[in-house]
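Colleague: Listed below are the residues making up each chain.
There are 2 protein chains.
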Amino acid sequence: MATRLSVEAYVEGVLSGNRLILSRAITLIESQLASDKILAQTILAQILPHTGKAVRVGITGVPGVGKSTFIESFGTLITQQGKKLAVLAIDPSSQRTKGSIMGDKTRMEVLSHDPLAYIRPSPTSGSLGGVAHKTRETMLLCEAAGFEVILVETVGVGQSETVVKGMVDFFLLLMLAGAGDELQGIKKGIMEMADAVVITKADGDNRTVAERAVLEYQNALHFFPPTQNGWLPPVLTCSALTQQGLSEVWQMIQQYANLTHENGFWRKNRQTQNLDWMHTLITQALTERFYNDPSVKTQLDEVSNFVKNEKWLPSQAATFLLNLPVF
Amino acid sequence: MATRLSVEAYVEGVLSGNRLILSRAITLIESQLASDKILAQTILAQILPHTGKAVRVGITGVPGVGKSTFIESFGTLITQQGKKLAVLAIDPSSQRTKGSIMGDKTRMEVLSHDPLAYIRPSPTSGSLGGVAHKTRETMLLCEAAGFEVILVETVGVGQSETVVKGMVDFFLLLMLAGAGDELQGIKKGIMEMADAVVITKADGDNRTVAERAVLEYQNALHFFPPTQNGWLPPVLTCSALTQQGLSEVWQMIQQYANLTHENGFWRKNRQTQNLDWMHTLITQALTERFYNDPSVKTQLDEVSNFVKNEKWLPSQAATFLLNLPVF
Chain A
1 MATRLSVEAY
11 VEGVLSGNRL
21 ILSRAITLIE
31 SQLASDKILA
41 QTILAQILPH
51 TGKAVRVGIT
61 GVPGVGKSTF
71 IESFGTLITQ
81 QGKKLAVLAI
91 DPSSQRTKGS
101 IMGDKTRMEV
111 LSHDPLAYIR
121 PSPTSGSLGG
131 VAHKTRETML
141 LCEAAGFEVI
151 LVETVGVGQS
161 ETVVKGMVDF
171 FLLLMLAGAG
181 DELQGIKKGI
191 MEMADAVVIT
201 KADGDNRTVA
211 ERAVLEYQNA
221 LHFFPPTQNG
231 WLPPVLTCSA
241 LTQQGLSEVW
251 QMIQQYANLT
261 HENGFWRKNR
271 QTQNLDWMHT
281 LITQALTERF
291 YNDPSVKTQL
301 DEVSNFVKNE
311 KWLPSQAATF
321 LLNLPVF
Chain B
328 MATRLSVEAY
338 VEGVLSGNRL
348 ILSRAITLIE
358 SQLASDKILA
368 QTILAQILPH
378 TGKAVRVGIT
388 GVPGVGKSTF
398 IESFGTLITQ
408 QGKKLAVLAI
418 DPSSQRTKGS
428 IMGDKTRMEV
438 LSHDPLAYIR
448 PSPTSGSLGG
458 VAHKTRETML
468 LCEAAGFEVI
478 LVETVGVGQS
488 ETVVKGMVDF
498 FLLLMLAGAG
508 DELQGIKKGI
518 MEMADAVVIT
528 KADGDNRTVA
538 ERAVLEYQNA
548 LHFFPPTQNG
558 WLPPVLTCSA
568 LTQQGLSEVW
578 QMIQQYANLT
588 HENGFWRKNR
598 QTQNLDWMHT
608 LITQALTERF
618 YNDPSVKTQL
628 DEVSNFVKNE
638 KWLPSQAATF
648 LLNLPVF
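Heads up: the protein sequence lines correspond to chains A and B, in order.
Residues 1 to 327 (this note's numbering) make up the first sequence, in order.
Residues 328 to 654 (this note's numbering) make up the second sequence, in order.
To be clear, the hints were calculated from the coordinates, so they are not data collected in a lab.
Just so you know, even glycine gets a beta-carbon here, dropped at the ideal spot from N, CA and C.
One thing to keep in mind: the hints can contain errors.
Computed Cβ-Cβ distance ranges for the label pairs, DEER-style [what the hints assert, rightly or not]:
(1) A:Asn269 to B:Thr489: 20 to 28 Å
(2) B:Arg539 to A:Lys297: 54 to 62 Å
(3) A:Gly126 to B:Gly344: 21 to 29 Å
(4) B:Asn636 to A:Asp301: 42 to 50 Å
(5) A:His261 to B:Pro376: 29 to 37 Å
(6) A:Pro49 to B:Phe647: 42 to 50 Å
(7) B:Tyr618 to A:Gln159: 18 to 26 Å
(8) B:Gly456 to A:Leu215: 39 to 47 Å
(9) A:Asp276 to B:Ser622: 16 to 24 Å
Computed far set for chain A versus chain B, every beta-carbon distance over 10 Å [to be verified]:
(10) Leu15
(11) Arg107
(12) Glu137
(13) Arg207
(14) Val307
(15) Gln316
(16) Ala318
Taking the hints into account, I'd like the entire structure generated from these sequences.
Modeller: Right, here's the structure in full:
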């Protein structure tokens with residue numbers, strides 16, 4: 001185990017933008033050791049006043065849509081403006097694959113050598129809830145370290161998009177053109193979460209197909225009612241190859257930021273996200289405590305079977321289990 | 328308060344299809360009194376073996392789409408086949424209006440006089456979770472009383488569609504034609520929940536508009552990937568006025584039932600719904616117990632403000648609150 005520094009060393013290092021210390025602080029966040037957790041929380045509490053100033057953008061799309069390529073090109077556009085960019089990832093399946101396939105520096109060669117960019121793979125241990133929690137905390141550390149734009153990418157596993165949506169300011173959905181009528185395996189509900197749809201690989205022979213897809217998706221998006229923030233999600237095209245469309249994506253995000261800062265939605269959304277995070281942590285802790293109780297554990301499978309086979313009412317089962325724990 | 332009968336009287340009455348006793352049993356389910364709750368649970372446990380055999384259909388759509396008219400006509404089609412039909416409703420807003428506007432017998436004159444139909448307004452007290460729970464239990468009572476088809480209607484308030492979706496076998500979305508491109512205020516995500524879309528008022532001058540709407544919605548639905556039950560949600564039209572399309576809706580539901588009984592999805596879905604119900608009740612009880620704890624109650628507002636204003640980390644706040652309760 002690497003040596004742990006003092007709280008002050010971590011805090012000063014992060015606030016001065018020292019990447020090595022930032023990386024070590026994030027590793028601390030991801031650690032399961034009780035002593036590390038205490039240290040991590042102390043550091044986070046101290047850097048908290050220095051957070052909140054970045055633009056947080058979530059990015060999703062099916063494997064093959066070109067997320068890494070997009071992030072590489074889009075990220076470079078951002079750093080070329082002199083902005084520091086952090087790239088994080090939420091990939092709950094990464095424990096099963098050989099490490100995370102996202103945030104993989106070998107897939108973002110240029111960006112990984114960009115002095116203004118910082119790429120961190122997804123945390124690999126734990127449930128989606130645990131990974132989300134660590135990513136939120138990592139985001140805070142990056143913001144305290146001066147990163148002005150934070151990209152959080154995810155691939156469509158389980159509820160990961162919903163979770164990313166709950167921690168970002170803007171949610172970008174990348175899609176392919178000409179992949180047939182079906183939504184390329186995009187899970188129900190994702191399209192509506194999007195603040196914009198960007199059709200990738202709109203170059204060469206694919207350009208016409210891409211333009212046609214714009215109309216199709218605009219049509220589908222048109223079916224959803226206006227949101228509470230007054231923003232109508234647009235459909236854009238881009239090509240990481242020709243660089244076409246990338247600055248338009250960034251401009252659009254800035255437009256969104258301006259609109260929602262002005263109408264108060266940006267701030268309100270952040271407040272709601274923070275409160276929801278608190279309530280989520282509370283509910284998680286309560287149910288974890290409950291389902292880990294030995295008396296509940298021994299009975300759960302049998303009781304669940306009674307419920308599945310309609311021998312017990314769900315309410316009977318719940319009452320029975322709730323009365324088991326000693327404390 | 329009306330006299331309470333014995334458990335046996337309720338059980339026998341319900342099982343023999345006695346409507347008066349069924350109504351009294353449902354009133355018991357809806358009661359907040361502790362003694363009534365105990366009685367209710369005892370009754371439910373005893374009738375449980377006689378439940379599960381109905382086809383449960385959820386119905387939603389914006390106000391003005393003609394839900395009551397549809398249910399009246401569709402319901403009559405069902406009773407004309409000699410099937411007993413129960414019509415329930417989930418309307419969490421009913422406490423604010425003069426009683427529930429749904430399940431209102433004055434809006435379903437014919438059906439309310441149909442000897443094979445039974446209409447019950449939405450429970451009026453409590454949260455959406457509470458209303459949903461009571462409706463599920465009411466459904467069980469109706470099934471034990473021999474009702475073969477159960478319609479659960481809801482209007483788009485909060486998460487009520489999601490909740491209805493979680494307790495029915497088939498979810499029907501009623502829509503208007505020619506109401507403009509926007510999805511008539513249908514909340515994001517509802518369309519994808521639907522197992523079928525039925526365009527109402529497809530008569531007279533509106534017929535052509537309705538047929539065009541079919542294509543539009545088929546297009547939008549086509550955007551969603553096939554579900555795990557192998558069913559592709561169709562778009563139909565109907566007119567309560569001319570009765571056109573109603574028997575097709577019923578045939579479609581039967582097709583769905585056949586398909587999903589055969590491929591096992593029907594049973595699997597019921598099992599999942601029952602288990603989810605159990606887990607929901609557990610989580611609700613745990614969080615209720617927590618947030619009702621006096622030491623938590625006194626601190627919650629202040630702590631929430633610290634979180635909203637980013638003075639405290641959500642995790643700090645959660646840990647602080649979780650350590651407060653005495654037990």
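Colleague: Hints first: check each against the structure and report whether it holds.
Modeller: Here's how the hints hold up against the structure:
1. A:Asn269 to B:Thr489: 20 to 28 Å: Holds - the Cβ-Cβ distance for A:Asn269 and B:Thr489, about 21 Å, lies within 20 to 28 Å.
2. B:Arg539 to A:Lys297: 54 to 62 Å: holds, 57 Å
3. A:Gly126 to B:Gly344: 21 to 29 Å: violated, 52 Å
4. B:Asn636 to A:Asp301: 42 to 50 Å: holds, 45 Å
5. A:His261 to B:Pro376: 29 to 37 Å: violated, 60 Å
6. A:Pro49 to B:Phe647: 42 to 50 Å: violated, 18 Å
7. B:Tyr618 to A:Gln159: 18 to 26 Å: holds, 24 Å
8. B:Gly456 to A:Leu215: 39 to 47 Å: Once the Cβ atoms are compared, 41 Å apart, the range 39 to 47 Å for A:Leu215 and B:Gly456 holds.
9. A:Asp276 to B:Ser622: 16 to 24 Å: holds, 23 Å
10. Leu15: holds, 16 Å
11. Arg107: About 26 Å separates A:Arg107 from the closest Cβ of chain B, which puts it past 10 Å; holds.
12. Glu137: violated, 8 Å
13. Arg207: holds, 22 Å
14. Val307: Label violated. Min Cβ-Cβ 5 Å, cutoff 10 Å.
15. Gln316: It is violated; A:Gln316 is separated from chain B by about 6 Å at its closest Cβ, not greater than 10 Å.
16. Ala318: Non-interface label fails for A:Ala318: nearest chain B Cβ at 4 Å, not farther than 10 Å.
The structure shown violates the earlier hints numbered 3, 5, 6, 12, 14, 15, 16.
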